[in-house]
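Just so you know, the sequences run in chain order A and B.
Using this note's numbering, read the first sequence as starting at 1 and increasing by one per residue.
Using this note's numbering, read the second sequence as starting at 1001 and increasing by one per residue.
Keep in mind the hints are simulated off the structure, nothing from the lab.
Backbone N, C-alpha and C define an ideal beta-carbon position, used for all residues, glycine too.
One or more hints might be untrue.
Stated by the list, open to error - Straight-line alpha carbon distances no greater than 30 Å define the calculated DSBU-like cross-link-like pairs of lysine-lysine that follow:
hint, chain 1, residue 1, chain 2, residue 2
1, B, 1157, A, 352
2, A, 352, A, 336
3, A, 336, B, 1064
4, A, 336, B, 1196
5, B, 1196, A, 352
6, B, 1018, B, 1196
7, B, 1196, B, 1157
8, B, 1064, B, 1196
9, B, 1196, B, 1027
10, B, 1064, B, 1018
11, A, 65, A, 336
12, B, 1027, B, 1064
Said to hold, decoys possible - Covered stretches of chain B (chain A as the covering partner; in silico rule of three or more C-beta atoms under 8 Å from a C-beta of chain A):
hint, region
13, 1028 to 1042
14, 1080 to 1088
15, 1165 to 1171
16, 1182 to 1192
17, 1220 to 1234
To be verified - Distance ranges between label pairs, derived from CB positions:
hint, chain 1, residue 1, chain 2, residue 2, range
18, B, 1180, A, 16, 26 to 36 Å
19, A, 10, B, 1064, 24 to 34 Å
20, A, 130, B, 1136, 46 to 56 Å
21, A, 248, B, 1180, 50 to 60 Å
22, B, 1119, A, 29, 36 to 46 Å
23, B, 1164, A, 94, 54 to 64 Å
24, A, 353, B, 1128, 17 to 27 Å
25, B, 1180, A, 20, 51 to 61 Å
26, A, 9, B, 1201, 46 to 56 Å
27, A, 20, B, 1159, 50 to 60 Å
28, B, 1180, A, 246, 31 to 41 Å
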Amino acid sequence: MYVAVKGGETAILNSYRLLAEQRRGNADTPELSVQQIREQLRLAVDRVMTEGSVYDPELAALAIKQAAGDVVEAIFLLRAYRATLPRLGASVALDTARMQLDRRISATFKDLPGGQVLGPTYDYTQRLLDFTLLANGQQTAAVPAATPTTEAPAFTPRVVDLLNHEGLIETHEVPQGDPAPVDLTRTPLRFPADRATRLQNLARGDEGFLLAMAYSTQRGYSHSHPFVGEIRVGTAELEIVPEELGFAISIGDMALTECEMVNQFAGSKTEPPQFTRGYGLAFGHSERKAMAMSLVDRALRAEELGEPVEAPAQMQEFVLSHSDSLEASGFVQHLKLPHYVDFQSELELVRKMRANGAGEEPQ
Amino acid sequence: MTTATTEYNFAYLDERTKRMIRRAILKAVAIPGYQVPFGSREMPLPYGWGTGGIQVTAAVIGPKDVLKVIDQGSDDTVNAVNIRRFFQRTTGVETTTRTADATLIQTRHRIPEAPLAEGQVMVYQVPVPEPMQRLEPREAATRTLHALAEYGLMHVKLYEDIARYGHIATTYDYPVLVNGRYVMSPSPIPKFDNPKLHMNPALQLFGAGREKRIYAVPPYTPVESLCFDDHPFEVQRWDVPCALCGATDSFLDEIITDDRGTRMHVCSDSDHCHSRRQEQQPQAPAPRSEPEQALA
């Protein structure tokens, strides 16, 4: 006789074993090391660190290995690990004007203080499969050693600061007392959310989701006229002020991608026509993410700038409640769980409705 | 009883996090049916799979608790097994499948058939804590509606069902009014279970991890399923008894047994069904425990 599904525990343990086998693949192929992932799948590592909200390339690489390359699953692993970590302190605000730059481009000025530095980018690669990589050969042309034409300046002014000299771009005063932002990982998101909270949410947000949202703002779903003021990729020094010392000490360097988007703004009753800003920041080299984030940040500022809120990308609740890959992936995939009881209820209901409505045309 | 894994704190969460959750629970108990926001953590299980219930359980569980975990009424479905294993690993507490023996019951989508007793705690996994979310997706708006006890939206929805179908077409996650004040989602339990919420001697806690809300129904709190005078609330009934234990008063799942449409109906509450079958056997191997007899 049929007895409702038993043996769940054995099934789960077997599934662990099968998963481990599948992850390892053919045992004749050498196993991938965490170090290899860290060095050679760098951009995946950067994405996992950014959305996982932990700057730790080694753990991110481990998560990618454990997740067999499923980046969203790797982000989940890193986030669950992060949730148990104690908070030791808060850093001093990063000074990205003093970044050691690997790449820095502006789409608004042909040349500018600090210069344009193309650096490593896929932008101008011709997307032809490189079969020498398949043959495990060396790259056809050896890359010449990076030789910066000038020594990288310690201070590279931001484009938005240059515009600010003319008063053409909005400025944001540091609020009185420089209050600490809400920590979204400790305090639940409430609406309306202020900009610091929104930016935290976007920084952790799924790259694909933000990309699509950002794209929608370029296709008429909100009116933005964005220009890349500047993208900079490089490393910045992270400093903390330990209470017992009372002065800042450096605890290391972080690789970052920062994007400042400059948007036209026609002005309002209280503000003259000027340029407004959208901001994006991501760990490592994550330009797509930083750009998408800055476009969505700007779109979400519609209300404070007195613009009509009409498009999804401008709606806080729509964007911020759906940006997190853990929440989205978990809830979408929970549909795999048994729903026998709910389905049974619906089954009865549909039968009842069909019986009642026999002969009648449905509305 | 299994020995607990020692790499993590008892019940996985650190004590500060537990304290934060307990504060939210206390507030929830003080305001029955009100959704208390809390700093939901990323658990090692996915959002949508019971993280809210897991966090509530982790915050209230003690070494002497006896834990039961069910999913769709059954102790043996994979998600129930997985959550039970999680707490076995992280707490080492005793677990049981018997409703009467449990001090703490975590559930998804069902309330056990056996009546609960004073001192027991029910923890519900909640996917969508906001009962009006499908009518008004903006949280800022529904929060105001709750504050004003303005539940017209919900009544209009139920009325429209009646106008269109002749009856209310909500069969699970059927909205309730708690203590005459807050409209609450009972979680996706079948409406069959709704009457069990009312004046229940057990403490009922609801955790929504992804949506970061906790709410509660304290013992002996009135819980009323929304309805109209001329369309009173009704629960599902079956024409057939359970094919295994013969119960006529339990929620039955339909099981398809072949490809020619043959089906059988069996209790969704696997412990209830199993206990009844044991009782029916002349030489029942295990005598019933005292609390269960008292409840029978």
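Determine which of the earlier numbered hints do not hold for this structure and return their numbers in increasing order.
3, 17, 18, 22, 26 and 28
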